[in-house]
Structures are given as structure tokens and as C-alpha cells.
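Colleague: Which chain is which? The protein sequence lines are A, B, C and D, in order. Heads up, the first sequence is in the numbering used here, so the first residue is 49 and it goes up one at a time. Heads up, the second sequence is in the numbering used here, so the first residue is 3 and it goes up one at a time. Heads up, the third sequence is in the numbering used here, so the first residue is 74 and it goes up one at a time. Heads up, the fourth sequence is in the numbering used here, so the first residue is 793 and it goes up one at a time.
No lab work stands behind these hints, which were simulated from the structure alone. C-beta atoms are modelled at their ideal positions from N, C-alpha and C, and glycine is treated no differently. Don't take each hint at face value.
[Unchecked claim] Cβ pair distances, simulated, as ranges:
#1 B/302 to C/696: 18 to 28 Å
#2 B/18 to C/596: 24 to 34 Å
#3 C/501 to B/73: 49 to 59 Å
[Stated by the list, open to error] Computed cross-link-like contacts, DSS-like style, restricted to lysine-lysine with a CA-CA straight-line distance of at most 25 Å:
#4 B/59 to C/629
#5 B/59 to B/291
#6 D/845 to D/1149
#7 A/220 to D/992
#8 D/857 to D/845
#9 C/712 to D/1149
[As the list claims (entries may be wrong)] Computed footprint of chain C on chain D, listed as stretches where at least three residues anywhere in the stretch have a Cβ under 8 Å from a Cβ of chain C:
#10 820-832
#11 961-975
#12 980-994
#13 1077-1088
#14 1136-1142
#15 1204-1212
#16 1245-1257
Okay, here's what each chain looks like letter by letter:
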Amino acid sequence: MRGITFDIAHMLAGSLVLVSFMQLYQDRLYALLNLFALHALVLATSVAWQAFIQDAPHLYLTAMIALVFKAIVIPVALHRIIVRLGIHREIETVVGVGPAMLLGMGLVALSMVVMLRVTAEADPLAREDLAFALSVVLLGLLMMVTRRNAVSQVIGFMSLENGLVLAATGAKGMPLVVEISIAFSVLIAFIVIGIFLFRIRERFDTVDVQALDRFRGERR
Amino acid sequence: MAVIIRDFALQGAQMLLVLLLSPLLTGFVRKVKARLLRRQGPPLLQPYLDLIRLLRKDVVLANNASWLFRVIPYIVFAGIWVAASLVPTFGSGLMFSWSADLIAIIALLGSARFFLALAGLDVGTSFGGIGSSREVMIASLAEPAMLMIVFTLALVAGSTQLSTMAAHILSGEEGLRVSLGLALLALIIVAIAENARIPIDNPATHLELTMVHEAMVLEYSGRHLALIELSSALKLLLYVSVIGCLFAPWGIAGPDASFPALAIGVASYMVKLAVAGLMLALFETAIAKMRVFRVPAFLGAALMLGLLATLLLFVSRSL
Amino acid sequence: MMVVYSLYGVAALVVLAPLAVALGASPRGTGAVYGASLIVTLTLCMIALLSLFEYSNRISSITLPLGLPWLGAHFRIDALSAFFLVVVNLGGAAASLFALGYGRHEHSPQRVLPFYPAYLAAMNLVVMADDAFSFLVSWEFMSLTSWALVIAHHQLRENLRAGYVYLLMASFGTLALLLSFGLLAGSDGSYAFDAIRASHPSAALAALVLILAVVGAGSKAGVVPLHAWLPLAHPAAPSHVSALMSGVMTKVAVYGFVRIVFDLLGPPDWWWSMVVLAVGGITAVMGVLYALMQHDLKRLLAYHTVENIGIIYIGLGLALAFKAHGMPLAAALALTAGLFHVFNHSIFKSLLFFGAGAVLNATGERDMEHLGGLIHRMPQTAFVFLVGCVAISALPPLNGFVSEWLTFQAILLSPQLPSWGLKFLVPAVGALLALSAALAAACFVKAFGVSFLGRARTPAAVAAKETDSNSLAAMYFLAALCLVAGIVPGFFIDALAPVTKSLVGVSMPHQAGVEWLSIVPIAESRSSYNGLLVFIFVLLAGSIAAFAIHRLASDKLRRGPAWDCGYPDPSSATQYTASSFAQPIRRVYGTSVFRAREIGEMPPPGATTPARLTVELRDLIWDAAYAPVATAIEYATEKLNYLQFLTIRQYLSLVFAALVILLLVLAIWQ
Amino acid sequence: MSIDALAGVLLIPAFAAALLAALPGYRLTSRLNVLATFLTFATAVSLFVVEPKSGSYLLVDDLNKVFIVLTTFVSFTTSVFSASYIGHEIEIGRLKPTYVRFYHAMYQVLMFAMNLALIANNIGLMWVAIEMATLTTVLMVGIYRTHEALEAAWKYFILGSVGIALALFGTILIYMAARPVIGEGLDAMVWSVLVTHAAKFDPALLNVAFVFLLLGYGTKVGLAPLHAWLPDAHAEGPTPISAVLSGLLLNVALYALLRFKMLLALNPVAIAPGPLMVTMGLISCVFAAFMLYRRRDIKRMFAYSSIEHMGIIVFAFGMGGPLANFAGLLHMTMHSLTKSAIFFAVGHIAQVKGTQKIADMGGLTVTNPVLGWGLVLGVVAIAGLPPLGIFMSEFLVVSSTFARQPVLVIILVFGILVALGGLFLRLNTIAFGEPRGPTAPAQASYVPMFAHLAIVFMAGIYMPPALVTGFQNVAKLLG
């Protein structure tokens, strides 16, 4: 029992990292969106599996939220925004795919090194989970840093949050407070981003962050 | 009581002596110089006659001369006279010699020069300005040099009191020292500079762009000029006395000397003056005047010599 | 008890400050503020004198529940404090008296009046403070209030710049002192001076403290090369404040130095004195050389403050050397010389700044090239200014000479010092001291001669009027003090005895009992000086000569045009100017020290353009020490400023980089 | 849970927020706003009189009492300032009346969130509260809806969200570290329980957690290089919000950081949090000091000054020890009061001059003496000159740490000096010299500004023993 459950959890967490890598590799906006949906789906599965093995029914709720909001609602909404704004062109990356992947590898290695230092007394499952979660967080951040397009930055941010959820659910018995707050934050984040995108649409013709930068307030 | 009266009398005698002898020294130097140039030269007593003539004349004061201009001759004269009175000439038992040591005497001369330089600026003429500015430039080098010499001598003698220093040299404890030689050389250079002698300045010229001292006092006339001339003469005498007192203290009567000792003192003093005058005249005849901006190098040499002398002493004292 | 009374006085000044905001609106209020300052400072001066003479063996201290809560504000008056309190309040009283007249001409009194009493209070507090916190608070408050006074006339850009440089340098100094106190107090924070005295810092620590103290107090005192603010700030303030800044505040800085190095730091190492002596010697000569190149009267005076601080430091350095080598008597002599010069300089520098202020008021000019002939229109100001000039030029029989004479006497004792470094350094410093004294005389011939003598160079100088009686009273008072301290220095030296006793263990022999009121530092056979007699002799000799000549020879006087070798020119522009007066000295010293260059432009034959002579001077210290700092900061700000204009993504990259670096550190560290 | 003072400081703003969101009319709402903040302040003060019992959600101890009283006080004075400031903004039409309702409601929500963050006994709750405070301020920064304001809000939002995500990750890690020792469930996130068991936590996890918390909450504190949102958010939002941001929100984030620092310090094996904090503090201090020089916008300049001071405070806490901690607390308090006072002055100055550009201001002490001298006094205080309070804290920071870490302290002192240079360079232009720009008299309420400055002045000379004991206890608590 122990071995199987561990392996499945391990596999799911690992595939989350994998999807993160795919996101990093992807340079088309629609595809990226789909990948994000996949990311959320894997997360939902992983959370559900955690709910099952930890025997923590409230985690199913988290899984549902992840599934519904992140895998379906948000991708659809973002899809619409893309269509409306007409920005479905290729993503402008700062770093090429190759270097980005290399960087990503380095980050995963780093998170492994950092996390595996955790003493063996800790739950190995939790430890592995944490390592993967950290990888996902770092990869999400990397994506935010290497993309110029605001939508893909938002996606980066959300995959970062997926990593957080992975970590939180991996932490056995973490009180419900956290789930609520995550849902809460995701909600707020989404709303505010929506508002901002809307406003930005109102004021600017592009959601490219660089366009915003022209209004940095203080000219050189 | 008797001691006090004696000391008082000695002090008074010294004051009168320097006052009376100084024009003579000037006259003597002039005469020797003239003879060396195969001229007849003015009589030996000509400076006295000049002074009397000047004293009798009216003062013609520039229209915008201030009260300070009129006071300065007296200040200068008084300062130098007092300084000269405190240098042991024939006897070291001067009543008030302790009221100013060698540093203070030099500073008194400095005061006199300070005021004289102010006088050069008072009327607001360009010649006066030239004189003053050059005078203070020369002084700015000569004074530190002089102080370094004082340091050397004070370190040798362990005192800055002239009488003590003379006594110490006289006692022969020191013997010959390199430092003393350097100091003497430096002192002579300084004395030449301070008294506006060739090659720094020419006391006998007017209307020469390189003149220093004479340019400063250009606007003085009558009794004021007399006082200034007398002061210059006193200053020359003072420097000769200082050199005599420090480097050739032979013959100087001690503090409680008897009358014969004092007589010997006076006689030896006259001899020293004569020798110094002779040598000065010789030197001045033999050398040409410098351009004014050569002077710093000349005086800088004195400063360096003085510093070297002091350093040597500082070092040798500890060995 | 004395400290309590003094604190009452300080409290009165502090209360006066906010009142002055309201009072400043009316001319009568101005008078009231300065009048009250005068009364309070006089009272404080009396108290300080009493503590110095009557209660010198009793230390009076008090702890108020202010400042650092667990420590309280410690105040104490010992001999050293009492002496400096005298200096501070004497200067303060004179300045207040002067300002009773001078302050009436102030066009923005509300920018001066509130800060003036606060400034006085701060200086008093510095001297009384007995713990590191109170000391530094008062110290920096002193800088702050004086900064406000420096920029009182803020419409002039140069004043603002002066204030800026000043405040920066002041804070730099304060921070250096703060660091030194940090070292002295240790990390458990025993800031009370008593605790610091009781602790014995290690040699390395003490060395660091010494360096910090030299830098910290030195930057306030105006030690080269930390002097750059001084000639900017002192002239910018109203003249009575300039007098306080130059005459008094630099002394408070010296107090800080003495307090730390002689009192708190414990027994000195011999090489400390090398530092102090070298700094002092260089400061003295550089200060006076700078002064010679100036033609702004107040700036010239400010540079002379630098010079005199150098002289004071030479005295202090010698005292340190003697103290380190166990020669307490000699140390007492050197310390007395330094402290006596502190007193003297505060007197004559205040006097000179008052004079400059009176001139400024009468003509609206600080530039000497626009003055001239003022002795005819302001005879009394001219007279007292002359007294100040003679005193600062260290000429007998005034007081400046006495303290320098004492310093020379101390130098002459130094061959007995065993350390080789000092053997070479001390004579060199002696030469520097002599050089600076001679140059100072030259400089004041220039200052007095160009401003007061000669013919008026501008209509403003022609129209000048004698200054008011209050100002004159203040100046006469200080001039009289110069004379008194010059002719009976023995009393002043005796007054310093408790100070030296507390700092080096012994004091100079009692002077007041020496016959004829001479001063005899060690033994009469060694050296002695009697200012009184010299003064009387000169007076007598001069009078006798005058009397004799007038009675026996001629006393006739005729006025006529100037002779000038037959080439008199009515134009006042043909006079020697300040810069032409300084030309020989500039040629001798300036070519190396200031890279002075004279560029002559002769028009071609036939052209009608005038020939031009321009003098180029460069402030090498500024170029070497200050300009690079400014350039470096400018460069750094320009480069760093790019960080204000990055994109959000780039900012995120910074966050990301920080995270990765920290994780890496963690990975490596574990 | 009965309604005690602890609940009061949460309920009053919450209730007021609801009320203000519903009520129209600027005059009434601004007064209500003042009243609500005053009541909150009064309730907070009562914490000193009757200390309520801490529960598993809310906690009161010496540490957060200091913070909460400071927060409620500054928010009270700011609301007074805000009343006159917003009034003027409406007059000139810069702010639409409809937004005012939103503004006031948000103001109270912000108070609620900050108070909650301060008294939360649960690290999850604390995180939620800080998140909430961030979001509220994002909305308020963007309230003018100009290009610049939106850009600033967007930047703030993105950087803040990333920061908050990192902080959450750190929080999770803390839970993970605590779980094996304390057991699953709520207790493993309760502050007061965590502290008692901290020594047995897994050090490696704690280390990683602290890195994330430092960067996460450090973003909110405004530590360089995580600071980028701060200057723009200060510059483009309404000035009362700048005052609250600098004076309070930074403190709240700092408070969170301190809590975790205490936790780490209790574990003997874990990495010492000090060096990390000291490094970040020094970087912030020196960097911000340099950034002061080329600022053209007056509010942005003072925002950088806040970064500098946060650097000093973090440095002090990083160095640790009773004196340095005391100094850090004092510095934080003084900085809050001074900086908000400066922003009060700056707000009115910008209104008088109709611009925030420093180049368009000048000679303020001539044209508007009260504002001008108020600003001078504020800058003198913030530059760390005596006899004002910041001098005392800087004195303590520098003097108590120099003997331990001379090189670091010299860097700090260098930063302080450079900052002083930058501040006074600009102050010369603003307050002195020839007057520039409009010179109309300000319609200002000077009371909050001078009240703050008076307290800062007092503290520099005399500190009440009660306050000192309080600070000392906290300093001991911080280790």
C-alpha cells in the first residue's frame, strides 16, 4: 500500500513538473493556455490523490476548485481575452527556449538539493512533494521572468500558485484555512487581474507589459 | 638696593649706547664701502648729521595719510629700540634682559616690520605696495629661518635667554659643533635679508623697481623719516650684537662684573662691531644684487640650514 | 551646584529660541533676544569662571532623566569644561553685544533669531555633557542650528551650497565620533563618560578611536584636509554668527578632541602625537596659505581659523607626546600653550569677524578689492581691527604671541623625547609653525592694509560710516582682552592650571607670584617673557621719542600730494590690490601648493583691447579629496538610477535572482 | 469568544468599512472615518490597561502591542489629514466623489487587515491578512486612474503577488517543520505553540522556509532588490495612502518577518537569520541612499527614503542584541511617525504647487512658512539629526554594533551619510532659495503633522519609562 501510494503521488507531482517544463518550452499563446489547463488538471488529480491517501475529504474540495477554476474557467476566460485583444501571436520570449530549459533544469536540481537536505525523519512523501512543489514554483517564476506578454506572465504566476497548492496539500493535515485562503487569493487574483486587464484594454491597446512601461511616471 | 641701581644704570647705559652707536655703524659701513670703491665717501659721522637735518625739517604728509601713518615711525622705532636694548652687548647683566628672550626679540622686530609694511600701504601708492608685499614675502622666509636658528642655539644652550646662551657658549662646554656652524651661516643670511642689504635689497637706492625697504618708506619725510632711518641703523646693530653675543661672546661682562670688566666688554663690543662692519662692507662690495625672485631660494637655503642644524642637534642629543 | 545653575542658563536660552520666532517680527524684539542672550551668556560666563577658580577642585555633576532612558543625561563641570564654558560664553556674550547693534540691519531676522540662542545653548551643552549620547546630541544640534544660521540668507545660491557642504561634513564628523564612542562604550552600551574612563580599551581599539576622534572632531574644527566646509560656511552666516562659528564652535570641536583623547581614552601611545602633530603642522601652513590667496575678507578670516586650529593641534600633539613619555611638566606646558591659544584665538577671531561685519554693514562689501581707506571713515573700527590683526599675527605684546611663544617653548623641550619619529617630526613642525606665523603676519598686513588703508576703491567704500556704539563696545571689549591677556598672561596660565592638572596630572608652575608678572614656563634661566614690561618699554620708548622730537626738534606738519617717486596717479585703481599684494608670496609658495598660474594676455600692437592678467588657482585638496567623492557619487547614482526604469519583468527577475541566490547560499552553506 | 478589546480593533474597522461603503457624502464620511480610526486607536490603547487573553486565533503580547498602538495611532492621524487632503482633491476635481466612498471603505478595510495581521496568532491568518492589506492598497494606489497610477498599481500588484506567494510557501514549510513535533492540525500553525517547540523543528526546513519568508515579506517591507513597487506606489497613489504605506504597511510586513526571525532564533541548529537580514538591510540602505539623488518627484524621493530606513531597521534587528533590537523598534516607531508627517507636509505642498515635481517647487519657507518649516523639520528628523528621535535610534544602532561588526557598520554609516546628502540636496531646492511655482496659502490641517513631529521631538529628548520598559521587554523577546 505504502509503496504504491507513494509512487502514484510521486508520479503525479513529477508530471506537474514536467508540464511546467512543457509550458516553458511552449511559445504559442493558445498552446500555452492549453498546457496550463493540463497543469491544473494534473494538480487536481494530485490533490485528489492526496485527499484519498491522507483520508482528508476537505482536500477533494481543493481538487474540485483546481479542476473547475484553473483547468476550465480561467483558461476559457483567458482564451476570450486573447481573442478579443487579438494577441494570439507568438509569445515574445526574452531568453531562447534552450537556455530557458537549461535554467529550468538547474532550478529543479537546486530545489532537489535544497529539499533533500531535510532530515530523513520528515515524511519522505512530503519531502518529495515539497521538492517538486518548489520546482514548480521556481519554474513558474522563471516563466514570468522570461516572457514579455502579460497573459503568459499571468499564466506563469498561476502555475506558481499551483506549486503552492501542491505543497500545501502535500503537507499532511494542514488546516482548512490554507485551502480557503488559496481559493480566496486565486479568486481575488483573478478578479483583479481581470479588472486590470480590462482597464488596461481601456487605456492601452496591448497587454504587453512593455507598453505599460512607457508610463513609469518618472522619465529619465 | 645698590645692586638694583647698578643694574638699572647698566640697562640705561645699554639703551643709550645702542642708540648712539647705531648711526656710527652705518656710517662706518658706508665709509668702508666707499673706500673699497676708491671713493672718498661721506664722513663717518654723516648719518648723525643726516638725522639731525631730517629731524629739523617739516613733515610733508600725503593728503590721505591716516593717523596710523604718523604713529608708525614711533612704534617701529620703539619696538626696535627696546629689542636692541635687551640684547647683551658689552655686559649680560642687563636688568630687564629676562623680560624678553630671543624669540620675543625676534617677534618684536616682527611687530616693527608689520607696522612698517602697513605704512607702505597707507598712502595708497603703487610703490608702497610693492615694497610692503615684497617685504612680507621676504619676512615670511626669513622669520622661520631665524626661528630655526634660535631653536638650534636654544637646544645647544638649553635656554632661549640671550644672556644664558652667551654664558653657555662662553663656558666652552660645547666646543665646535656642525650645528653651530650651520646656524651661523643661516643667521648671517637672515641678517642680510632683514637689514635690506645687498644682495637682497640695496639701502642706497631709490627709483629702482627691485627695491623693497626703501619703497615702503617712500612717503616718509622729516622727523618720521629720521626715526625710520635710525630704526634701520638700530636693527643692523641689533643683528650684529646678536651674532656677536651668540657666536663670539668673548669679552662680554658677566652679571655682577666689576667696572674694568665692563670696560673690557665695551671695548670688545666695539671691536666686534668694527669687524662686522668691515666684513659687511666687503661682502656688499663683492656681490651683486639679486633679482627679487631669486631671494626665496637664497632665504630658503637659510631656512633649510636652520632646519638641518636643528635636526642634527635633535638627533645628536639622543646619541 | 554649578552645573545646575549652568543648566538653568542653558534652559533659558532654549526657551528663548521659540520666543524669538515671535519676537523677531519687530526691531525691538531683536534687541530683546540679543539682550537676553547677552545677559544669560554673561551669567553663564560668571558661573564658569567661578567653577574654574573657586570650585576647581570640586567636580559638579548632575543626571537628568532625559536622553537615553536607562542612562539619563549626564552633565558635569570639571576644570576642562569650565574653561571651555568660559570661552564659549565669553564669545557668546561678545557676539550678543555686537549683535545688539549689528542685528538691527538683518533683513530676515526671523531666520536668525530663533537659532541664535539655540546655537549658544547647544555649544554650552556639548561642553557640559558627560555621556556619549548627550554629547553627540548637543554636538550635532550645534551643527544643525549653525547650519540654519549659515543658510539664513538662503536666496544666495552659494550660501545654500555652503550650508550643504557644511551639514554633510558636520554629519560626517558626528558619525565618526559616534563610531569612536561606539568603540569606547562597547556593545553593552556603557555610554556614561565615567564608565568609559573606567574601561581600558586595548591598544588597537584605542588607536582606532584616536583616528576616529581626529577625523570626527577635526572635521568640525576644520583640520586640513577636512576643512573644506569651513571657509564656505563661516563667511556665509551673519557676522556675529561667523564670529561664533570661527571663534567658539571650532573651540568646542577642540574640546571634543581633548575630552576624548586626553580624558576618556586613557594613557596615550607615543605615535598618537605623531598623527596630531603632523595634522596640526600641515593645517597651520595650509590654512594660512589659503588665506593669503583670498580677497574676501570673511573668507580670509575663516581660513585663518584653519591655521590657528593647526597651531592649537600642535600644542595638543606635543602635550600628547610628553604625556606618553612620562614628562608631565612638559606636557602641562604644551597643553597650556594649546589651551591658551584656544582662548586667545576665540577672542581675536571674534573681534576680527566683528570688524568684518561692521565693514560689511557699512559698505555692503566683503571683497577687499572693493574696499580701502576705511581708516578715515571708520577710525574706531579700524583701530580695534588693527589690534585683532596684531594679536592674530602673533606679535608682541598682544596675546597671540604669548601662546605661540609657549608652544615654541614646548617644542624646545622635545629633544628629550626618546622616540625617533618625534625627533624628526617636532623640529619640522616647529619650522611649519614659524612659517605659518610669519605668513599670518603677511596676510594680515594685506587684510588690514587693503581694506582699511590706502584710498577707497569704490563709492561704497567712500560712503562708509562708523559703526554703532554697541558693536564698537563689543569690539573694544575684546581688543582690551587681547591686550590684557598679552601683557599679564600669568593670570591666564594660572587659570589653566586645574585643567592641565586634571588632564596630565600636573600643572605649570604658579605664574602670578613671579616678580614683575613675568611668565616662566620652566626656569628663569631657560626662558621667560614679560609682556607687561615689553609693552611698557615700547610705550615709554615711543613716548620719549615723540616727546623729545616734538620738543627739541620740529613738530611742524604740512599736507601735500603723495610723492610716489614723482608718479602719483589720482586713480585709486593704481593702488596695490589684495591679489597683487599676495603676488610675491603666490609666486613663492603658490606654484606648488595651488598650481598657481598667471596668464598674461597682451593685445597685438595697435589693438585697443586692454591687456589682461588672469590668475589661476586650483584647490588641490578639493580636487584630490572632495571632487572625486562627488564624481563617484554622481557616477553611482547615474548608474543605479537605471534601476528606476526597468520593466516589471526585469524587477521580477531581480526577485527571482535574489531567491535563487539565497537558495544557492543555503545549498552550499548546509 | 467574547467581545474584548482585541476583537474591537477588528470589529470597529470592519463595521466602519461596511458603513462607509454605504454612506454617500464626503463631509460625513470623512468625519466618520476619523471617528472610526479614533475609536480603534482608543481600543488599542486599552490593550495596555486590560490585556485580553490570547486565543488560538488572536494573540496579544508585548511585541504586537507596540505595533498595534502605533498602527492605530498613525491611521487615526492620517485620517485627519486625509479629510482635508481628500476635500481639496475633490475640489480640484482630481478625485470623483463616487470614488471617495470606495476610498473610505477601503481605508477601513486596510485598517482591518493590518490590525488582523498584527494580532493574528496563526501564521496562516497572518498571511491572509497581509494579502488582504496588499490587495486593498493596490486598489487605492490605482484610484486616480491615470496612466501612471495604473502602472504603479499593476507593478505593485504583480510584485506583491509574487512576494505573497513566496511568503505562503514559506508558511507552508513552517507548518511542515512543525508538524512532526506538534502534530497535525491547527496547533502546528498557532504562533504561541510554535514558539514553545521551535527548538525541536527540523532546521533544514526552517532554513528554506526563512528564505522564502524573508523574500516574501521582504518584498512588502520594501527591501532592495525587491523594492521596485514601493517608490511608484508611493508616488502615484493619494498621499494619505503613501503615508499609511510608508508608516504602517511596511511595519506590518516587518512585524511578520520579526515573528519568524524569533522562531528561527529559538532553534539552535538552524541558520542564523541575522546575517541574511543584515545583508538585505545594508543593500537596501545604501542602494536607496544613492537613489535619492536623481529623484524629481518629491513623493518618490521620500519613498526611497523609506526603503533606506527599512534597511536600517532590518539591519538593527538582524544584528540583534538588546540594544540593537531596542534601537530597531525605536527606529521603526520614529520612522513611522516622521515619514507620515513628511507625507502630510508633502501632500499639502503638492496641492499648493499643483505638482509633485521638485523642480517646480522652491522657496517654500518663504511662501508657505508653516509647511516649509514643517518639511524642513521632517527632513531633519528623517536624516537622523538631533534632537529628534531618529538620531537616538541611529545612535544606538551604530554605537552598539560597531564593536561587533565594524566593517558592516561603516557601510551602514556610509549609507546614512549619502542619504543625508541626497535629502538635503533636494530640500535646498524645495524649501529655500527663490520661490517657484504657485504660492497660494495652503488649506491644510497642520495638526497631524506637528503632532507627529512633536512626538518625535519629545522622544529624542525624553522617553517615558513605561514605553522604555515595553520596548526593552520586546527587545528581549526578539533575542
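Colleague: Decide, hint by hint, whether the structure agrees.
Modeller: Each hint, compared with the structure:
1. In this structure, residue 302 of chain B and residue 696 of chain C meet the distance hint of 18 to 28 Å, their C-beta atoms being roughly 26 Å apart.
2. For the pair residue 18 of chain B and residue 596 of chain C, the supplied restraint of 24 to 34 Å holds, since their beta-carbon distance comes to about 31 Å.
3. The hinted window of 49 to 59 Å between residue 501 of chain C and residue 73 of chain B is violated, with their beta carbons roughly 39 Å apart.
4. Annotation: proposed proximity of residue 59 of chain B to residue 629 of chain C holds, straight-line Cα distance about 8 Å (limit 25 Å).
5. For the proposed pair residue 59 of chain B and residue 291 of chain B, the alpha carbon gap of about 32 Å is over 25 Å, so the pair is violated.
6. Of the pairs offered as hints, the one joining residue 845 of chain D and residue 1149 of chain D is violated, with about 50 Å between alpha carbons and a cut-off of 25 Å exceeded.
7. Between residue 220 of chain A and residue 992 of chain D the alpha-carbon distance is near 19 Å, which keeps this suggested pair within the 25 Å criterion.
8. Under the criterion of a C-alpha separation no larger than 25 Å, the hint pairing residue 857 of chain D with residue 845 of chain D is consistent with the structure, at around 13 Å.
9. Between residue 712 of chain C and residue 1149 of chain D the CA atoms are separated by roughly 22 Å; this keeps the pair inside 25 Å, and the hint holds.
10. With 0 residues carrying a beta carbon less than 8 Å from a beta carbon of chain C, the region 820-832 of chain D misses the three-residue requirement, and the given coverage is violated.
11. Only residues whose C-beta sits within less than 8 Å of a C-beta in chain C count toward coverage, and the region 961-975 of chain D has 0 of them, not enough to reach three; the restraint is violated.
12. Remark: the region 980-994 of chain D is not confirmed as covered by chain C, as 0 of its residues place a Cβ nearer than 8 Å to a Cβ of that chain, below the required three.
13. Counting residues of the region 1077-1088 of chain D whose CB lies closer than 8 Å to any CB of chain C gives 5, so the stated coverage by that chain holds, three being the minimum.
14. Counting residues of the region 1136-1142 of chain D whose CB falls under 8 Å from any CB of chain C gives 0; the rule of at least 3 is not met.
15. As drawn, the region 1204-1212 of chain D meets chain C at 5 residues by the rule of a beta-carbon pair under 8 Å; at three or more, the given contact holds.
16. Three residues within the 8 Å Cβ limit are the bar, and the region 1245-1257 of chain D against chain C gives 5, so the coverage statement holds.
In summary, the numbered hints that this structure violates are 3, 5, 6, 10, 11, 12, 14.
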